[in-house]
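Trainee: Please take these sequences and the hints and turn them into a complete structure.
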Amino acid sequence: MLTFQDVAKTYADGTRALAGITLSVAPGEIVALIGGSGCGKTTVLRLAAGLDRPSAGVIRLDGETIAEPHPGIGLVFQEARLLPWLTVAENVGFGLHHRPAAERRARVARALASVNLAEQAGRWPRDLSGGQQQRVAIARAFVADPRVLLLDEPFSALDAVTRADLHRHLLALWAQARPTILLVTHDVAEAVALADRAIVMRPRPGRIDAALTITPTRPSDPEAGLAARSALRARLEASLRAAP
Amino acid sequence: MALLGLNETARPAVESPSPSGARRGSGPGRIRRLVLGLLLPLVLALGWEWAVRAGLASGRLLPPPGRILAALAGLAASGDLWVHVQATLLRVAAGFALGASLGIGAGALTGILPLARHLLDPGLQALRAVPSLAWVPLFILWLGILETPKVVLIAVGVFFPVYVGVSGAIASVDRKLVEVGRIFRLSKPALARRILLPAILPATLVALRTGLGLGFLFVVAAELMGASEGLGYLLVEGQQFGKPDQILAAIIAFALLGKAADTLLVVLTQPLLRWQDVARDVL
Ligand SMILES: Nc1ncnc2c1ncn2[C@@H]1O[C@H](COP(=O)(O)OP(=O)(O)OP(=O)(O)O)[C@@H](O)[C@H]1O
Ligand SMILES: [Mg+2]
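Line by line, the protein sequences give chains A and B.
First residue of the first sequence: 14, per this note's numbering; consecutive thereafter.
First residue of the second sequence: 1060, per this note's numbering; consecutive thereafter.
Calculated from the structure, these hints are not laboratory results.
All values derive from a computational prediction rather than experimental measurement.
Keep in mind that a hint or two might mislead.
Stated by the list, open to error - According to the in silico footprint, chain B covers these stretches of chain A (three or more CB under 8 Å from chain B): (1) 91-99; (2) 199-209.
To be verified - Estimated spans, in silico, between C-beta atoms of each pair: (3) A:110 x B:1089: 21 to 29 Å; (4) A:132 x B:1231: 41 to 49 Å; (5) B:1237 x A:123: 25 to 33 Å; (6) A:122 x B:1207: 52 to 60 Å; (7) A:64 x B:1288: 53 to 61 Å; (8) A:118 x B:1193: 46 to 54 Å; (9) A:200 x B:1087: 45 to 53 Å; (10) A:69 x B:1185: 42 to 50 Å; (11) A:64 x B:1206: 26 to 34 Å; (12) A:142 x B:1331: 20 to 28 Å; (13) A:135 x B:1287: 52 to 60 Å; (14) B:1329 x A:217: 45 to 53 Å; (15) A:111 x B:1331: 52 to 60 Å; (16) A:142 x B:1237: 50 to 58 Å.
Glycine is no exception: its CB is placed at the ideal position from the N, C-alpha and C atoms.
Mentor: Right under this line is the structure:
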C-alpha cells in the first residue's frame, strides 16, 4: 500500500507545488493522475520516488516512510533520460548492476523484446527516435521488477498505434507481477483505458480535486465496458474542465 | 503476448551498423576542402622559391622553402634533429603529465567538494590571472636553470586550462542524469564512476587538448630561457648565428610535433567518445 498523508511540497523558491495531498493506492492498483500542466503531477511522483522530500506530511510504502529512493519503487521520468554513453541494452540493464551477468543479460533481452526494441540493443541513444528512447526508459524501469511503478507521461511521445500497443503491453506486464502503478497522463482516454481509478488534480497549489473509479472497464472486455467507458470519459473531461 | 510492431518493422535493420562512419564528411568534399586549404600557402611558398631562384630577392632574411627543407634535412641527417626533438618532447611530456594530473586532481576536488571550491578556487583564479611567463624569473631564482624550472613552467601552463575545464565540467553535469543514478540507488563511488566520469569525459579531453597545446607553447618559452638542447635551443642558436633557415626549420618541427601530439591524443581518446552526438568531421 502506497500512501500519501497530508503531503505538501513548497520548493526552495517559494512555489507551492502541492498542498494537502492524501491518497492511498492499494497493491496492484493502477491509478491515473490527470490534470493540466503545472498542477504538480511530476512533483507527486518525485516525492513518491524519494527524489525530493515533502515539506509536510509523509509518504509510506507498506508502512515504511519514503525519504529517499527505494528498491521497490521504479520511476520513468517525463523525459527518457537515457545515459548517452551507454548502448540501448546497457541503459536497460543500468539498474541491475548487483545481479549476476547472465541473469542481467536475460532480463535485458526480455525487457527489450517486450518493448519491441530487440534489434536496437547495440545502438546509441542518439540514434533512436523520441518514442524509441521513451520505450527504452520504460524497459529500464520494468526490468528491475519493482513493487511500485511511477510513470510520468511515458507514452506522450508515441504515435497512436505504438501507444495502443504499449497500453496492451503495460497491462500484460502488470498482469504478471501486479505492481502498483501510478501513471501521470494528460490523456483522459489513456486514463480510462488503463486505470482502476483516475485522480484529477487542480493547480496552485496542486491538490486532489476528484477521484473517479474506473474499474468496470478493465481487465479489458472492450465491448462490455464500452458504454461505461464513454460515460467515464465524459465525467473526467467535465471535471477537468471544471478545474480552473 | 502482443508484440508492438508497425513502426519498427518498417525500419530496415541495415540502418544501424557503424553510425560514426556515416557521420563523417563525405570523401570528395573533404579532399576538395583539403586542396583549397593548401592552395594559398603552396602558391606563396612556390612563388617565393621562384623569386629567390630568379634573383628577384636575396632570401637572406626569409629563406625560400627549398633552403629551409635542406636545413631540416641536414639536421635530420646529422642526427641532431632527433636529439633536439627528444629533449623537447621529454620536457613537454613531463610538464604535461605533472600539470594535467594536478589540474584533474584540483578540478575534481573543487568540482565535487564545495568546501574545497570555496577554499581553493578564488586563489587559483587569481593565480590564473598572472601571465604565466611572468613566473620565469622567479622559477629560475628558485629552481636554477636546469630541467626543473622548465618542466614546472610547462606544468603551470598545462594546469590552468585542465583545472578550469575539469571543475567546470563537473559543475555542469546534468542533474537529470544524476537523478537516474539516484533512482537506481547507486552508492557515491558508483555514481562518480558510472555517471560523473563519463559525463565529464568529453570536456576533460577538450581541456587536455588545450593543455597540451599550451604545453608546446610553454616549452618554447622554457627553452628560450636557456637550454643546451631542444628545438627551442635551435631557435636561439639560429638567431645568434644568423641562420634564419635553421629557425624556420625548428618552427616547422615544432608545428609538426604539436600537431602529431594533438592527433595522437585525439586518436587515443576517440574510442571513449563514440557515443557522442556531434558533427565533428575534422580533427
Ligand atoms: N525544482 C522546482 N523548483 C521550483 N518550482 C518547481 C520545481 N519543480 C516544479 N516546480 C513548480 O511546481 C509546480 C508543479 O510542477 P510539476 O512539474 O509537478 O507540474 P506537472 O503537473 O508535472 O506539469 P506538466 O504536466 O507540465 O509536466 C509548477 O508550478 C512548477 O513551476
Ligand atoms: Mg510533469
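Trainee: Against this structure, judge whether each hint is valid.
Mentor: Right, here's what the structure says about each hint:
{"no.": "1", "hint": "91-99", "verdict": "holds (count 6)"}
{"no.": "2", "hint": "199-209", "verdict": "violated (count 0)"}
{"no.": "3", "hint": "A:110 x B:1089: 21 to 29 Å", "verdict": "violated, 42 Å"}
{"no.": "4", "hint": "A:132 x B:1231: 41 to 49 Å", "verdict": "violated, 34 Å"}
{"no.": "5", "hint": "B:1237 x A:123: 25 to 33 Å", "verdict": "holds, 28 Å"}
{"no.": "6", "hint": "A:122 x B:1207: 52 to 60 Å", "verdict": "holds, 58 Å"}
{"no.": "7", "hint": "A:64 x B:1288: 53 to 61 Å", "verdict": "holds, 60 Å"}
{"no.": "8", "hint": "A:118 x B:1193: 46 to 54 Å", "verdict": "violated, 58 Å"}
{"no.": "9", "hint": "A:200 x B:1087: 45 to 53 Å", "verdict": "holds, 49 Å"}
{"no.": "10", "hint": "A:69 x B:1185: 42 to 50 Å", "verdict": "holds, 45 Å"}
{"no.": "11", "hint": "A:64 x B:1206: 26 to 34 Å", "verdict": "violated, 53 Å"}
{"no.": "12", "hint": "A:142 x B:1331: 20 to 28 Å", "verdict": "holds, 26 Å"}
{"no.": "13", "hint": "A:135 x B:1287: 52 to 60 Å", "verdict": "holds, 55 Å"}
{"no.": "14", "hint": "B:1329 x A:217: 45 to 53 Å", "verdict": "holds, 50 Å"}
{"no.": "15", "hint": "A:111 x B:1331: 52 to 60 Å", "verdict": "violated, 25 Å"}
{"no.": "16", "hint": "A:142 x B:1237: 50 to 58 Å", "verdict": "violated, 25 Å"}
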